[in-house]
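Single-letter residue listing:
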Amino acid sequence: MIRLVRRPAPSRFWAALSPLLAVALTMAVGAAMFAALGSDPLVALRTIFWEPIFGEFAWYFRGQLLVKAAPLILIAVGLAMGFRAGVWNIGAEGQYIIGAICGAAAGLALYPAETRLIFPLMVAAGALGGFLWAMIPAFLKVRFGTNEILVSLMLVYVAENLLASAAVSWLRNPESVGFPGSRNLSRWASSANPELFANTGVHWGVVAALIAVILGHVMLTRHLMGFHIRLAGSAPRAARFAGMVPGRMVVFCLGIAGVLAGMAGLFEVTGPAGQISIDFGSGYGFTAIIVAFLGRLNPLGIVAAGLLMALTYVGGDNAASNLGLPVAAISAFQGMLLFFLLAVDVLTNFRIQIGRGAVA
Amino acid sequence: MSELLELNGLTKAYPGVVANDDVSFSIARGGIHALLGENGAGKSTLVKTVYGLVKPDAGTMRLNGSDYAPADPRAARASGVAMVFQHFSLFEALSVAENVGLGMENPPGPRDLGRRIWEVSHAYGLPLDPERRVGGLSAGERQRVEIVRCLLQDPKLLIMDEPTSVLTPQEVEVLFATLRKLAREGTSILYISHKLEEIRALCDAATILRGGRVVGECDPREVSAGELAERMVGETLTAPKSRNASVGDVVLDVAKLNLPPVSKFGAALRDVSISVRAGEVLGIGGVAGNGQDELLTALSGERLAPAGTIRLEGTDISRARPTARRRAGLLCAPEERLGHAAAPDMSLTENAALTGTVRKRLTRNGFLDWRRTRDFAQEVIDAFDVRTPGPQAAARSLSGGNLQKFVIGREVLQGPRVLVVNQPTWGVDAAAAAAIRQALMDLASQGAGIVVISQDLEELMEISDRFAALNEGRLSASVPTADLTMERIGLMLGGAHDLEAADA
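Those protein sequences? They're chains A and B, same order as listed.
Going by UniProt numbering, the first sequence opens with residue 1, and the numbers climb by one from there.
Going by UniProt numbering, the second sequence opens with residue 1, and the numbers climb by one from there.
Just so you know, the hints here were simulated from the structure itself, not pulled from any lab data.
Virtual Cβ for every residue (Gly too), placed ideally from N, Cα, C.
A hint or two may mislead.
The following label-pair restraints were derived from C-beta to C-beta distances [claimed, not checked]:
| id | chain 1 | residue 1 | chain 2 | residue 2 | range |
| --- | --- | --- | --- | --- | --- |
| 1 | B | Ser89 | A | Ile149 | 32 to 40 Å |
| 2 | B | Gly308 | A | Ile2 | 55 to 63 Å |
| 3 | A | Val5 | B | Pro306 | 46 to 54 Å |
| 4 | A | Gly38 | B | Ser89 | 54 to 62 Å |
Model the full assembly from the supplied sequences, consistent with the hints where possible.
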């Protein structure tokens, strides 16, 4: 008989090792899936994980890595705060979209003025948009006890519809002839979020992600608020006893995730994406959930997890175009990563006992 | 021969600990035999061995003169051994009769079963209505269901594990009358407890376990409770020193506090009024679930109270949050150590920050000073003799007694004006319990007001100056402890309904 026996204290060894084991298991099962789809599994893994970093076109892919990783990391750091405290914001994708719309709208309202103040104003507007969108589930939860998982998730679909209407009507580029989509923000000097160093992929979003990681780490380890966040997740009753006010915690966690997701949306719409378009929402808000857990809800871990996830995006695109693997297979591959991570995570607090255990 | 059960050299080891080490004793037919020991002395392992839940590594048992080695509890029951556990295993949604039937090997038909439950329960002074749902029964009545279930199997040996921890004094009297009647009829009883006065009142033989070994056998009627305690603990216990009785102004004043229950198993607080003076210990007794949790969370600030109901040294703190109340000088230590008073997975340093940030100035501009926090944790560990590798140890790695010393010490060392503790020595070994009580009394003699909420009446008698009873969310008026008898306390605790002692 196989049983799980609770460890007296969480195992540091397994806490550190489990993400690596999850990655290994994902590769193994992923390879089997690619084989079943008719690709050589070793070639597929090589195409996804090796070529973007060391292959012939690595000079292009490496920049893409940071471009993809930045929004994931920025959003995941915010989400991790909530997940630590037991506030389940599943709607970062919506906050990301609304942040982009609000930031873009603030900028386009001033078009075609030429001043350096416009970009910071847009960043603030994007952060505010994401924040307000996240305050909807926060308010409903605190005031009426609704489930923030459902409300935040449903609001993603509302945000997607707002995005579609913005792209085809009220933010549509008046100079385009019937094409949906806003003016190109990355080509307007006042609003552009350019690559700061050539061929590195570093734009303002990467800088913001770095700052968020550092501030998030300091807050969780040194600040009383971060202590209460960890306490709320680890022992909710003890947290209330310590003086944590549950309603304020919900507002804080959703708020900070909304701000960061909104900023991520703004950096994306002014840089890599360039414009508000119907398909602007690319799933970063959902993938960031995986990144947050893969990084063990720890800002420093999230950096590594974000880069790894970006690699599966970039490498997955590479595999899709070069090997003809379906895009859905790449999504399944990313999903496996979260699945195995959560499964292996059990080993941190439990050990496996084989054979008949003694009755305590 | 008069021995029912003989244990010979029973030994059972778990990784890292020998739970039973060469344990031998015998239980007389019709005797009430006490098994006495602190937490971790090996009582549970021993009775689980007798009940077929644990297989010994070595040693033998003889029941009624023949070899006895039950493979499982079913075999034990078939041999005539029955057990009433400390934690009941009853289905709340089912009736008394259905619950009894589920625990029997060959239950009779429903009508027959109901009639037999009625007969047996009334014959032994434990009246039960077979049709009632268990969910609506009190703890004492639930215990009767368990006992009646055992009695229907006509046991030769009845094992009772800490049966009185959930009972009022009157219910305890009824239980004792039942057990004495059973013993007179020839049933042997193995009675597990750490309440010494009870054992002296009930049992005619006692085996004392310490560290898995038998350290003494005696007739508990002939030795003093103090002597029993010392043999159980293995060291001389000092009774709390009396303290100067100078009592100051009222520090905590609760006036007509009403609050709905925390959960559907709790009780609403109704018109609760409390007045505690500086230097005074107020004991609040009562059976669990009568509003203890509600009272503590209302005082700690986890739940806010209606304005004007709670005053600390004259200031209304009813609407203040926990942190503000701590700043004002009202500190609390909840009953549940793991998950309420302390975060199990966090270190003792982090747990020191849980309540200590305001009064111990552990933060600067909202940032925690981990070095000072660690020093504070170490201070608690040193002052309260908390046995642990150090402040970095996770709270859940500590034993119950050590963690409780840490939790109480953390509050005491913050120098509160008023300290409220719920069940300060629940599940704590005797030496730690004595240390905790002494710390509370020392704090009172330094001029703090203390409120001790406890189910342990002996404890309340020992340390409190005044006593009040909490029953269904109502708090009785407080009376000086010196004027009280156990009889009077029992009446104050209420719950004196449908009790009839077995005809003795």
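Against the structure, the hints:
1. B/Ser89 with A/Ile149: 32 to 40 Å: 35 Å, holds
2. B/Gly308 with A/Ile2: 55 to 63 Å: 59 Å, holds
3. A/Val5 with B/Pro306: 46 to 54 Å: 47 Å Cβ-Cβ, so the 46 to 54 Å window holds.
4. A/Gly38 with B/Ser89: 54 to 62 Å: 57 Å, holds
Violated hints are absent here; each numbered hint is respected by the structure.
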